[in-house]
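Chemist: Given the coordinates of chain L, assemble chain F onto it according to the supplied hints.
Order-wise, the sequence lines are chains L and F. If you count the first sequence from 1, position 168 lands on 168 in the numbering used here, and the numbers rise without skipping. If you count the second sequence from 1, position 96 lands on 290 in the numbering used here, and the numbers rise without skipping.
Below, a list of computed lysine to any residue pairs in the SDA-like style, where the Cα atoms sit at most 20 Å apart: (1) K134/L - L587/F; (2) K629/F - Q88/L; (3) K72/L - A591/F; (4) K598/F - W173/L; (5) K72/L - A595/F; (6) K174/L - H569/F; (7) K462/F - Q88/L; (8) K174/L - P570/F; (9) K585/F - T144/L; (10) K598/F - E67/L; (11) K174/L - V579/F; (12) K598/F - F178/L.
Calculated from the structure, these hints are not laboratory results.
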Amino acid sequence: MHSAFSRRSFLATTALGMASGCVRREGDAPPPDGSVQPTAEHAEQALGPRTLGILEAAMARILPSDEDPGAKEARCVEFLRTQLEDPQLAAVKREMHLLARVLEAAAKKATGGAFPALTAVEQDEILGRAAEGKLPHPRGFDVTHAFRVLVSFTLEGFLSDPRHGGNAGGVGWKFAQFEPHAGHAHHGLPVVDK
Amino acid sequence: MSAEVFDAVVVGSGAGGMPVALTLARAGWKVCVLEKGPYRQAHEFPQDEVLSCRRNYFVPYAADEPHVLVREGGGGPERSFEGWTSHGVGGGTVHMSGFFFRLHPVDLKLRSTLGAVPGAELADWPFSYDELVAAYDEAEREVGVAGVAGTNPFEPKRGAYPLPPVETHPVCSLVDEAGRKLGWHPFPTPRAIVTRPYDGRQACVYCRFCGSYGCEVNAKSSTLASLLPKALATGSLTLRPLSMAARVELAKDGTARGVEVRDATPGKEQTSSFVAARVVILAASAVESARLLLMSPGTGGKAVANGSGHVGRHLMFNTFSEAGGMLPYATHEKRVPDFRSSMPFVGRSLWDHYYDAKAPEEVRKSGMLRVGFMHPNPIFQAERVATRDGKLLWGSALKQALRKHFHDGLHVEVETFGEFLPTPGTHVTLDPEVKDRFGLPAARINIAHHPRNGLVARRLATAGEQLLRAMDAVDVHTRVPHGETMVLQHGTCRAGKDPAESVLDRDCRSHEVKNLYVTDGSFMPSSGGCPTTLTILANSFRVAHKIIAQWK
Numbered sequence: 001m002h003s004a005f006s007r008r009s010f011l012a013t014t015a016l017g018m019a020s021g022c023v024r025r026e027g028d029a030p031p032p033d034g035s036v037q038p039t040a041e042h043a044e045q046a047l048g049p050r051t052l053g054i055l056e057a058a059m060a061r062i063l064p065s066d067e068d069p070g071a072k073e074a075r076c077v078e079f080l081r082t083q084l085e086d087p088q089l090a091a092v093k094r095e096m097h098l099l100a101r102v103l104e105a106a107a108k109k110a111t112g113g114a115f116p117a118l119t120a121v122e123q124d125e126i127l128g129r130a131a132e133g134k135l136p137h138p139r140g141f142d143v144t145h146a147f148r149v150l151v152s153f154t155l156e157g158f159l160s161d162p163r164h165g166g167n168a169g170g171v172g173w174k175f176a177q178f179e180p181h182a183g184h185a186h187h188g189l190p191v192v193d194k
Numbered sequence: 195m196s197a198e199v200f201d202a203v204v205v206g207s208g209a210g211g212m213p214v215a216l217t218l219a220r221a222g223w224k225v226c227v228l229e230k231g232p233y234r235q236a237h238e239f240p241q242d243e244v245l246s247c248r249r250n251y252f253v254p255y256a257a258d259e260p261h262v263l264v265r266e267g268g269g270g271p272e273r274s275f276e277g278w279t280s281h282g283v284g285g286g287t288v289h290m291s292g293f294f295f296r297l298h299p300v301d302l303k304l305r306s307t308l309g310a311v312p313g314a315e316l317a318d319w320p321f322s323y324d325e326l327v328a329a330y331d332e333a334e335r336e337v338g339v340a341g342v343a344g345t346n347p348f349e350p351k352r353g354a355y356p357l358p359p360v361e362t363h364p365v366c367s368l369v370d371e372a373g374r375k376l377g378w379h380p381f382p383t384p385r386a387i388v389t390r391p392y393d394g395r396q397a398c399v400y401c402r403f404c405g406s407y408g409c410e411v412n413a414k415s416s417t418l419a420s421l422l423p424k425a426l427a428t429g430s431l432t433l434r435p436l437s438m439a440a441r442v443e444l445a446k447d448g449t450a451r452g453v454e455v456r457d458a459t460p461g462k463e464q465t466s467s468f469v470a471a472r473v474v475i476l477a478a479s480a481v482e483s484a485r486l487l488l489m490s491p492g493t494g495g496k497a498v499a500n501g502s503g504h505v506g507r508h509l510m511f512n513t514f515s516e517a518g519g520m521l522p523y524a525t526h527e528k529r530v531p532d533f534r535s536s537m538p539f540v541g542r543s544l545w546d547h548y549y550d551a552k553a554p555e556e557v558r559k560s561g562m563l564r565v566g567f568m569h570p571n572p573i574f575q576a577e578r579v580a581t582r583d584g585k586l587l588w589g590s591a592l593k594q595a596l597r598k599h600f601h602d603g604l605h606v607e608v609e610t611f612g613e614f615l616p617t618p619g620t621h622v623t624l625d626p627e628v629k630d631r632f633g634l635p636a637a638r639i640n641i642a643h644h645p646r647n648g649l650v651a652r653r654l655a656t657a658g659e660q661l662l663r664a665m666d667a668v669d670v671h672t673r674v675p676h677g678e679t680m681v682l683q684h685g686t687c688r689a690g691k692d693p694a695e696s697v698l699d700r701d702c703r704s705h706e707v708k709n710l711y712v713t714d715g716s717f718m719p720s721s722g723g724c725p726t727t728l729t730i731l732a733n734s735f736r737v738a739h740k741i742i743a744q745w746k
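Here chain F stands alone, though its shape is the one from the complex:
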């Protein structure tokens, strides 16, 4: 057992953990960052689909560290890797695609805007959008975000991005044309990618191995590439990879005294140590931070910080659906110059469906469309072809379908991200039976969609379909009109003003344990209708400044 007492221990090194760790380390705090996974650096990231995307490189196997999924209306309990964002230094930001949007002000006022929605547990955020704006600026500057300010007409006025947008494939002109034809407003997708040398990092080389891969040149703005080097350079940060947080321990006075840690090296799972700290900060993901609290005995027979019984509740993802289609070489090569360009990014998004006061009430608050090429992984594409329409193709039929898929055109997809309403049935608990390789209870993820989720997902997929048809795509289809983004997680430790109805206060500090903070997506009272990694990063910076002020 180490006798050292850190000023802060941070559980998790991804979007929620590294901003606060960096900021505290810069302020001279002695900070220990615990990361369950290994410490891999850019040169170790394989551009190998099997290793990176189809085995346990970035997320654990369900056999070793299961989550248990239970879906209302069928399905489960099922052991799954789903609900893991990552395991490794940098967390999910290492293999993210990095679509870095700011939320819309309406997202922070969802309850006031929509009123009471039966079956949904809506709440406004306990702080204002203005407070978030400064944090967005800081996060974008610190990690490096590329985009064009003022091109999304649905976003409040904002300052310039630190970096110019990514270069785009010529197909992008078709998206713009089709969008305008429909009366919509495509704009350059902001990306967590360094498009020119920045902060000592190399610019993107447009290699195509982006989302689902680690970046081999550190141009993707993961916390590993952007924030960790700055934090280590302070000399105040201790990084402990392969360290699984097993329990938050309270002192007799009810404050947190530190974290019990298990060695995550295979075969050493029962070796434990203790990291003592003045301030404990959890940022292991909404699912895993809730699990950690629920595994930690608190006072009065309840888990740590769970006097309200709200830990694990209000779990949200984003709704997800997609539309796809092919732009045939035969028709589009003549229309679009340099149609076979190897440029990987189409780079357009649309927020025309984000918040529409004139839309039917159920879908007034929907979400966004992101237009891109189908992920370039060939095995992924082939499996999509083999399982299209829910039927398994094999034999000559599969070979013919693959030939057509790979030879006849470019495949464009419209991914949609929508508002995921919190419901009483969507929450995290500890599974009563299933344990992980550490012998710790697995997180049970219960999902009961609000009916509006499906309507939103369908509305957005239909809009995607319309856009593709306006581009004269063929074979246009939609997939999974009622899904969710398990890697974009929110809720579970809701921030709010009322300690009886929330877990954290406006500064993401536990209402009950005064030196305990949660800085991942757990705090969010609503999901927003777009990818939320930038929001998690920004909030972590915001909270860091509060912590410094509170613990002078």
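Bound conformation, chain L alone:
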């Protein structure tokens, strides 16, 4: 819970303070079904193509493409990848790693296939269970929270300044009918190197 009078984000309010508690600690018992056994080592790794592929597929279902562009066209996954290179977001990166593993395990159990290869209906079924915390997960890992964080990243990736890697071609801003002020380009902030 945070103050009503705040325009700061879900990520800034909770994930960055608390997500370190989401990582399985040495000595923790393995999850009951044995399906996912990530460790804190994930924190040190960059998100690899397999993990990014899973999260990209999930984001494409969180904000699907229809007559308007969605997370896929906006390249929300590129936003996510870039953001999680920030060492200050290490705890969130661990959380996203674990979420990908949980989704991967659920996909394998359901169909034997990889999450990105599932149909949209199959993906939605798994994500729906993630949103409700009903997927098998390591002890201490809050799947519902992780899914909520991914929704936040999706919306940020869709509607943030394209300099951060998402909102490719300004598709999110066009959808939101948001016109950036000219000052946007004037501050010499780091631009994502594509």
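Modeler: Chain F only, in chain L's frame:
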């Protein structure tokens, strides 16, 4: 360690710190201002929602510098960034929205007006409204405030504002019409915005990146834009950014001899220095000034200035609630000329519920409504849509809801600010376990609302809802009928006449440490029912003149 002894050291460069620093520097005092955060100037403020509003640009991450929140009836202890107003030169005034209201005289006489309220620790202020009026005039003139005198019928007669009001969106006429229909009195919201060139500053360009952002043209009247340049021009002020005050140190005679400072540059947190001064002035925010005192060993095993045990007590915010609704293009475009104007401000407020002697006792002292557009940040808006009604939307349902939100109309919000009653359970202490990146104990913010807070917040939100319905808004809803404004902080070092019941005297000087003052919102015995930044600025000017008189 510097051998220099300043005439005054001021902890904090926001609304509570800069007025006193400026006034003392003008009087020829050698003043050192300590600011925990960095010194960023207008050209460095990004109009970038992710950077400015959703990461740690203006407030620290909870992982680095946590506050610990404990709410009565559930919730916590939780590490949070909440309770930080800012970190950076200019403090919270840099990214404030700048709604600059004066308090009502009743605010200073709350105990006398309401009588004893069970469960609330009410007190009158130890000085009069008249004394504050001169300080309000000075603060408005020094920082630059835009408004129209005489339009708020619930405000005592006052002089003209230094600047004409902000320009408004045509929707403002709907608010006026709806307000009148309800028998209420909308008036132009006074803003800390320079609406024409003023004091060497450029006028507002109506860019929309106002609240939650730093102003790129210095038209917002932050202390950074308005007071700091004047203070630096005196040649008497030393500004020390990235300087975290860790302890107020007392001399053997019980007076304050200065402040121990930690380097706030990441990686250098254990590097300390000492700033010696004749007079020590704290203005780090109600939460952080109390924390600093509680971290400072005083005499008799108690913290500095805390012989009464009152440091940290009587913490107050304002109650906060809001109502929202959409004005559809389909219906309102025909009614309101230039309905799609890019003008960002609706610019209306209402004080009809501020103090109503005829209202039920519990809500007699309520607060105000401020009408504006929903904050224009698109990610913020999308998250609001995704989390409306406490349910998380995703997938096609989210996409449809976003399309409707962004395409079908203008979104108007009525924010409400109300009286927050001080209770024994709402206070600041040092957390026994959690430490920040400096290794210093985090502030623990305990919140136990008085039942009247919720009634006030609900009453005001309902009034907001009525106003929106009278504007023929659709999708009208209220949010968080029982919240608080964590960035508007008061109490914790209450000013009062009785040293056994308060921390500061009428001049905001410690009852116990004669050269120690607190000039942020800590001194306030009541919260008022409106944003209080102007009051904090004004009081800091008021106290500055007292200090000069007392330390000739």
